[in-house]
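Student: Here is how the chains run, residue by residue.
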Amino acid sequence: MRLIGFSTGALAQGDFGAAVQMLLDAHVNAIEISALRAHELPQLLAAAPTLPLSTFRHVSVHAPSQFPSIQEGRVIGQLERLIDRGWPIVVHPDVIYSVDAWRALGSFLWVENMDKRKAVGRSATELTAIFDELPDAGLCLDLAHARQLDPSMLEAYRILREHSTRLRQVHLSELGSNSKHGPLSFGAIHDYAQLSASIAPEVPIILESAVPSSAILSEISYARDALPQYLPVTA
Amino acid sequence: MRPSPGTSFPSAERFIRLPYPVPSVGLARPALANAALPTWRNSTLKPISPFRRGKPPLCPTRRRAESLHRVWFREGVCNRRLQRHPGKKLSILVRIAIGENVRREISWRLVTSAGPTQEMYTASPETPIIRLSNSVGREWPALERAQREATRVKADFAALIADGVPQEDASVVVFGSLARDEFTSGSDVDWALLIDGQASSTHLDTALEIERRLAGLGRQGPGRENTFGGLAVSHELLHRIGGAEDTNRNLTQRVLLLLESEAIGPAAAYQRVVTGVLDRYITEDPGWNDRTVNVPRFLLNDIARYWRTVAVDFAYKRRLRGSQGWALRTVKLRLSRKLTYASGLLACFSCALIPSLADANDRSKAVLDHLENLVRLTPLELVAKVLSDEGLYDPAGQLFDTYEQFLLMLDDAATRRKLHSLKREDASSDDTYKQARAISHRFQAALNAIFFESGPSEIPALTKRYAVF
Numbered sequence: 000m001r002l003i004g005f006s007t008g009a010l011a012q013g014d015f016g017a018a019v020q021m022l023l024d025a026h027v028n029a030i031e032i033s034a035l036r037a038h039e040l041p042q043l044l045a046a047a048p049t050l051p052l053s054t055f056r057h058v059s060v061h062a063p064s065q066f067p068s069i070q071e072g073r074v075i076g077q078l079e080r081l082i083d084r085g086w087p088i089v090v091h092p093d094v095i096y097s098v099d100a101w102r103a104l105g106s107f108l109w110v111e112n113m114d115k116r117k118a119v120g121r122s123a124t125e126l127t128a129i130f131d132e133l134p135d136a137g138l139c140l141d142l143a144h145a146r147q148l149d150p151s152m153l154e155a156y157r158i159l160r161e162h163s164t165r166l167r168q169v170h171l172s173e174l175g176s177n178s179k180h181g182p183l184s185f186g187a188i189h190d191y192a193q194l195s196a197s198i199a200p201e202v203p204i205i206l207e208s209a210v211p212s213s214a215i216l217s218e219i220s221y222a223r224d225a226l227p228q229y230l231p232v233t234a
Numbered sequence: 000m001r002p003s004p005g006t007s008f009p010s011a012e013r014f015i016r017l018p019y020p021v022p023s024v025g026l027a028r029p030a031l032a033n034a035a036l037p038t039w040r041n042s043t044l045k046p047i048s049p050f051r052r053g054k055p056p057l058c059p060t061r062r063r064a065e066s067l068h069r070v071w072f073r074e075g076v077c078n079r080r081l082q083r084h085p086g087k088k089l090s091i092l093v094r095i096a097i098g099e100n101v102r103r104e105i106s107w108r109l110v111t112s113a114g115p116t117q118e119m120y121t122a123s124p125e126t127p128i129i130r131l132s133n134s135v136g137r138e139w140p141a142l143e144r145a146q147r148e149a150t151r152v153k154a155d156f157a158a159l160i161a162d163g164v165p166q167e168d169a170s171v172v173v174f175g176s177l178a179r180d181e182f183t184s185g186s187d188v189d190w191a192l193l194i195d196g197q198a199s200s201t202h203l204d205t206a207l208e209i210e211r212r213l214a215g216l217g218r219q220g221p222g223r224e225n226t227f228g229g230l231a232v233s234h235e236l237l238h239r240i241g242g243a244e245d246t247n248r249n250l251t252q253r254v255l256l257l258l259e260s261e262a263i264g265p266a267a268a269y270q271r272v273v274t275g276v277l278d279r280y281i282t283e284d285p286g287w288n289d290r291t292v293n294v295p296r297f298l299l300n301d302i303a304r305y306w307r308t309v310a311v312d313f314a315y316k317r318r319l320r321g322s323q324g325w326a327l328r329t330v331k332l333r334l335s336r337k338l339t340y341a342s343g344l345l346a347c348f349s350c351a352l353i354p355s356l357a358d359a360n361d362r363s364k365a366v367l368d369h370l371e372n373l374v375r376l377t378p379l380e381l382v383a384k385v386l387s388d389e390g391l392y393d394p395a396g397q398l399f400d401t402y403e404q405f406l407l408m409l410d411d412a413a414t415r416r417k418l419h420s421l422k423r424e425d426a427s428s429d430d431t432y433k434q435a436r437a438i439s440h441r442f443q444a445a446l447n448a449i450f451f452e453s454g455p456s457e458i459p460a461l462t463k464r465y466a467v468f
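Top to bottom, those sequences are chains H and V. Here the first sequence stands for residues 0 to 234, where the numbers follow numbering that gives the first Met the number 0. Here the second sequence stands for residues 0 to 468, where the numbers follow numbering that gives the first Met the number 0.
The hints are simulated quantities; they were obtained by calculation from the structure and are not laboratory data. Since the model is a prediction, treat every value here as computed from it, not as a measurement. Be a bit skeptical, because a hint or two may be false.
[Claimed, not checked] Taking lysine to any residue and the SDA-like style, the derived pairs with C-alpha atoms no more than 20 Å apart in a straight line are: (1) H/K115 with V/K316; (2) V/K337 with V/D187; (3) H/K179 with V/E167; (4) H/K117 with V/D162; (5) V/K463 with V/R304; (6) H/K117 with V/P165; (7) V/K316 with V/A426; (8) H/K179 with V/Q197; (9) H/K117 with V/G196; (10) H/K115 with V/P165; (11) V/K337 with V/A198; (12) H/K117 with V/Q166; (13) H/K115 with V/G275; (14) H/K115 with V/Q197; (15) H/K179 with H/I219; (16) H/K179 with V/K463; (17) H/K117 with V/D168; (18) H/K115 with V/A426; (19) H/K115 with V/Q166; (20) V/K463 with V/F450.
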């Protein structure tokens, strides 16, 4: 059974506790805890020992997506404390100011491919340059970002072709022209399904669709349509 | 924007293609507008090749560097030294990659006093044409001149429209001889503003401004049929393939977008549309996806339809305009237009000539990747590459020899004027026209050898199976 869950930031922005409860109520088996804003990271650190996460079979953390370089050392230090819990960290490459410092996170560091607003880490080629500097890092493939860059999904195909061995997690959502994550559309489901054979069933899926709690299960159902549990049998 | 990490040099990289020399393209890189040509004899250059540290660089001489007709940029990458010492010096890392199969990587650091940048230049010393030229032991100076002139005009054009085109949602796209890198005296600048984003009434204002600036540059605009110039909208190109709404103009723009076009300036919209159009042809080709055929027939049929449309339109123009420009149009039809068609055929046939494509698990994405790389080449480069890969050096050499003669004729203003003003009834006795016709016959003979004569290549068999019905 493929692990499919939600990012807490998609369900309750800035309130990961509420989002955790929503996912517990829906009996979801995977979660990514968002600390997208730098001030949320200390809050997460404080709450981590008491968060009811034991029923989740996959837990990851999304690092802050924006902070000044002067805070980089402190942020990495905080993330290392989360790694001590066995939680991998998803990071945007444009906040990697000092590669050496991030290299210390080893295989617990998962780099996410970026959308068109960013200047780095968008394509297979740009990710290659990043992974050359962070050889132990994994990949969190954001299919919505890749689709925004190239709706034919060719760039996503190239990313998977070049970096499939690093694939640790997939982000799934619909990305509008305003670069905001929304619920999956039929078009997105169709496009993502083209790559389902290239994504191993053990890779967890984290939905970033901004939906109400009442739509969690239906959105997970759409995610299953996009990336079925089993690899299709080829003739 | 901030520099991305990493200074390693992966092979076979793809770069955003911009004209050469470097114009300003509207982002925070004003210094690049006057950047010196990268040459290893330039004292400001310090070769830092990871593969040849301490040894003289393998880069060609300045003359050859200046003859390079493409300069590739890679956005968002900066070298390690710039990261460690931000703002201390401008370092533009210039990498020389050779063709698609990188055999040598030579890195240059061009040191100037300008502000920070995140671009790298790469140039490709051995394009498919140069590779063919080396293989057959011949040179084509008229072609080389036309390439240099095309590069210069594209740079001028890019400088004209710098900062004026929306970065993500639109691209200025050139077609015709400028995109084919065959720019001669008297060549037009065929262009369109390709929109791939939210609709806005200001798009037309942008197109009109581009037209006005181009006129100020003293360049001829699009042809009388106005197939180019003005706006082209991605939705029309991508959604209207076939059917009553696929007009002559739409078909021509779409096929030439694939076979002979290039973005000037921001290329994100252009690349999305090219890939999107190819994706339609491939994903909706049941024969290819079901593995029953090894050539993408949907694409092949539309390319063939384009060629027949051009040929029929030739008759239409002959009727409409009589003798006016007839001889020049005839010569172009027999050579440059036919070359574009031939390159499209070879692009489709190449899918059958590469076993890994046929055997790929995800055939549609594998061939999409292959074609997307292939259509970045000009028609001549594409023909040179496929024929070299197939070992068809003799007919390829003949093809290029005759095309060289064609370009020589076109580049001669007097000859061009003569052909433009020649009446049909005078053609059979006119030496200039007879010479041009002889060139076109030799060109056709080379194409016959490539597409019809049996030999080690599968191209004639593919022609027989796919190109007629």
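Student: Does each hint fit the structure? Answer for all of them.
Tutor: How the hints compare with the structure:
1. H/K115 with V/K316: 44 Å, violated
2. V/K337 with V/D187: 18 Å, holds
3. H/K179 with V/E167: 16 Å, holds
4. H/K117 with V/D162: 19 Å, holds
5. V/K463 with V/R304: With a Cα-Cα distance of about 17 Å, the restraint between V/K463 and V/R304 holds, given a limit of 20 Å.
6. H/K117 with V/P165: 16 Å, holds
7. V/K316 with V/A426: 17 Å, holds
8. H/K179 with V/Q197: 15 Å, holds
9. H/K117 with V/G196: 18 Å, holds
10. H/K115 with V/P165: 14 Å, holds
11. V/K337 with V/A198: Since the Cα atoms of V/K337 and V/A198 sit roughly 36 Å apart, the hinted pair is violated (cutoff 20 Å).
12. H/K117 with V/Q166: 13 Å, holds
13. H/K115 with V/G275: 17 Å, holds
14. H/K115 with V/Q197: 15 Å, holds
15. H/K179 with H/I219: Holds, at roughly 19 Å.
16. H/K179 with V/K463: 51 Å, violated
17. H/K117 with V/D168: Holds, because 15 Å separates the two Cα atoms, which is no more than 20 Å.
18. H/K115 with V/A426: Judged against 20 Å, a Cα distance of about 56 Å means the pair is violated.
19. H/K115 with V/Q166: 11 Å, holds
20. V/K463 with V/F450: Satisfied, since the Cα-Cα distance of roughly 9 Å is no more than 20 Å.
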